[in-house]
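Engineer: Residues per chain are reported as follows:
Number of protein chains: 2
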Amino acid sequence: MALIVQKYGGTSVGSIERIEAVAEKVQQYRDRGHRLVVVVSAMSGETDRLLGLARQISERPVPRELDVLLSTGEQVTIALLSMALEKRGVPARSYTGSQVHILTDNVHNKARIREIDARKVRADLEAGRVVVVAGFQGVDEEGNITTLGRGGSDTTAVALAAALGADECQIFTDVDGVYTTDPRVVPEARRLDRITFEEMLEMASLGSKVLQIRAVEFAGKYNVPLRVLSSFEEGEGTLITYEEEEMENPLISGIAFNRDEAQITVLGVPDQPGIAAKLLGPVADANIEIDMIVQNVAPDGKTTDFTFTVNRTDYEKTLEILQDVARALGASEVSGDNRIVKISLVGVGMRSHAGIAATMFRALAEEGINIRMISTSEIKISVVVDEKYLELGVRALHEAFHLDQSGD
Amino acid sequence: MALIVQKYGGTSVGSIERIEAVAEKVQQYRDRGHRLVVVVSAMSGETDRLLGLARQISERPVPRELDVLLSTGEQVTIALLSMALEKRGVPARSYTGSQVHILTDNVHNKARIREIDARKVRADLEAGRVVVVAGFQGVDEEGNITTLGRGGSDTTAVALAAALGADECQIFTDVDGVYTTDPRVVPEARRLDRITFEEMLEMASLGSKVLQIRAVEFAGKYNVPLRVLSSFEEGEGTLITYEEEEMENPLISGIAFNRDEAQITVLGVPDQPGIAAKLLGPVADANIEIDMIVQNVAPDGKTTDFTFTVNRTDYEKTLEILQDVARALGASEVSGDNRIVKISLVGVGMRSHAGIAATMFRALAEEGINIRMISTSEIKISVVVDEKYLELGVRALHEAFHLDQSGD
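Sequence lines, in order, name chains H and V. For the first sequence, the working numbering begins at 1 and goes up steadily by one. For the second sequence, the working numbering begins at 1001 and goes up steadily by one.
Simulated from the structure, these hints should not be mistaken for laboratory data. Possibly wrong hints are sitting among the right ones.
Claimed, not checked - With a straight-line Cα cutoff of 25 Å, these simulated DSS-like cross-link-like pairs (lysine-lysine) come out: (1) H:Lys-87 / V:Lys-1110; (2) H:Lys-110 / V:Lys-1087; (3) H:Lys-221 / H:Lys-110; (4) V:Lys-1278 / V:Lys-1317; (5) V:Lys-1120 / V:Lys-1221; (6) H:Lys-87 / H:Lys-25.
Unchecked claim - Some residues of chain H that are not near chain V, with every Cβ distance over 10 Å (derived): (7) Thr-11; (8) Val-107; (9) Arg-122; (10) Leu-229; (11) Glu-236; (12) Asp-260; (13) Ala-276; (14) Lys-278; (15) Ile-293; (16) Arg-312; (17) Leu-319; (18) Gly-330; (19) Ala-354; (20) Ser-375.
Quantities reported herein were computed from a predicted structural model and do not represent experimental measurements. Each residue gets a CB set at the ideal place from its N, CA and C atoms; glycine is no exception.
Could you put the whole structure together from the sequences, leaning on the hints where they help?
Structural biologist: Below, the structure is given as structure tokens:
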């Protein structure tokens, strides 16, 4: 008998039939004796329909009113799911983000949760009810409706699980777990039984879009065990938890990759304190997110070379900004390439094992793949390669680290 | 410069184009220096769409959740209208029933307003904003979303006007005012410039479905001047206020009629105290609303005859109930007719004028219309006639009282 927070995304509640299927699943869990809080998104297509209405009025609708509009999407789902539960004889009660008091800051369209007053939910659980909560939305201190931004329902679920001290937060989605890599690229990719928060964060930020990164951070921070499972198939999914001491961690958990990268190089920058900030500050000021940064001393010893990556959509703009900055700083050259990709090995096991990088580079070299940039962290090694080598590189690494075989 | 509460119904906000047109109208009023609170319904069709979703799950969805579902309809409209106003440079702010704290009882699907905390609205008005409020909805003491039942947006508008001490409450609809009778029956029917609350109540309850009856009661109780106007055409509409002393009231304001009536007669009921309650109690217990009631002493002096009308849809059920009751009471006969209609003359002027009834009966007699039942009140005379005489009767009365000519 556990307290479980479950979250069902837009596809899982995309029609009346699917809502009925979710109700049935919830009932099964309840029949096993669990207490349940269910967080739902808007029915798939609904958010786009509402956005379409707003855009007919204005290309840039007032953010406050956009939140009032979009938050109706989940409100429809909580009502329908509660009806479906009650029809099955399962006592249920729905709450909007405002009713259950998911207090957020006042940044409309991308608010952050500050606090949840879980008293109402607790009282309902004690009365034997299933509590159905609208994901993605909250309320600011003045009572204005806010939304957490797209995909924010995961965060709602995790925050509720943390506030309630739930035993597990289950994210139901259209995949049945976290894989060693994208199965569309490597058919041998294997579902992981478990993965650590840190690994998941690296996997998520690098493009394995199973979970919202903020939700994983939140879960890690409050130590909420997170499980990703399929709404449509049976299975245990993937459990995301903290590394356990007694556990023999696999060397590598997975291979993430990102196709949306572009690389920019500034050569011959006079090497002096604060030069990185001078160079990259204007880029950050333009709200462009910088991903990998590599700095090398140039052969002459007096200048330095910078290479970094940005999102491909920001490529032109970044180049433009840097032409000016580089000229002002006396750099010799700015160049770039927007046909590159990033491949990353992720694994907490890497901390205690040497030679991972060497194996990685050898595997890529054997396939004739030229590495253009390398960046490492404690549990991740990322390389930038030519776009055309993406699939070849990921497959080579998957094989080299035997990720198709279970480490258990 | 006045404080005006305006209400726009579902047809008036039925599309993005119409919402833009409402925004334009609101802007015009504001440009003339008025302070405005705008109450809106769900876009036409939206409530039915939501009901359709609920009915796919259950023929009798849980009332609490139905309110959560249906209340999204107006929430969409307030957001879109506020966006349209802001786009025009008119500062606006939307509020759900819960946000603006329209406190109701907890009778889901047909809640009644208890209290409105108008502080937020006042603060916004003082800051120069147009306040856009979702009609038809409120919140109970425990924070549950409630709805006032269909058409309840009129009541929201009147209640807000009362709470704010507004100068006028304007109900924009698809007709341009209140008419002497239905223009589809009498082409000469004339729009009334003004009518009293009492007359309007009689007109509304008798089938001139321009305004929600509860809204008129509310407006009368709190003395809120109510104006009915067209969303689509220019014009002054009809003002509904209290009778003014100095005003020369027209004899008759209008002719209402109701096609949905059925008549039931119980003959030979032993005349004893409490007999009416014994006879009609079981009908009321079955939630059947009784309209006109007429009691006559029978020729023998010891028994009495009852005739009353009910809604035509309740006809069979009422007959069934009465067969049993009449037998138990020893009545001699129960009969009925469901092909009858009610026609009513309404006018406060009737109070101080004699001979109205005589004129009415004569006009009907001249057309060969047999009167089956008569019932009078201080400002109304109703007759029941055969269904087939409805149009003929209404036209004859319209002419007899010269309603096509302005009384001013």
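Engineer: Going through the numbered hints above, which ones does this structure break? Give me the numbers in ascending order.
Structural biologist: none
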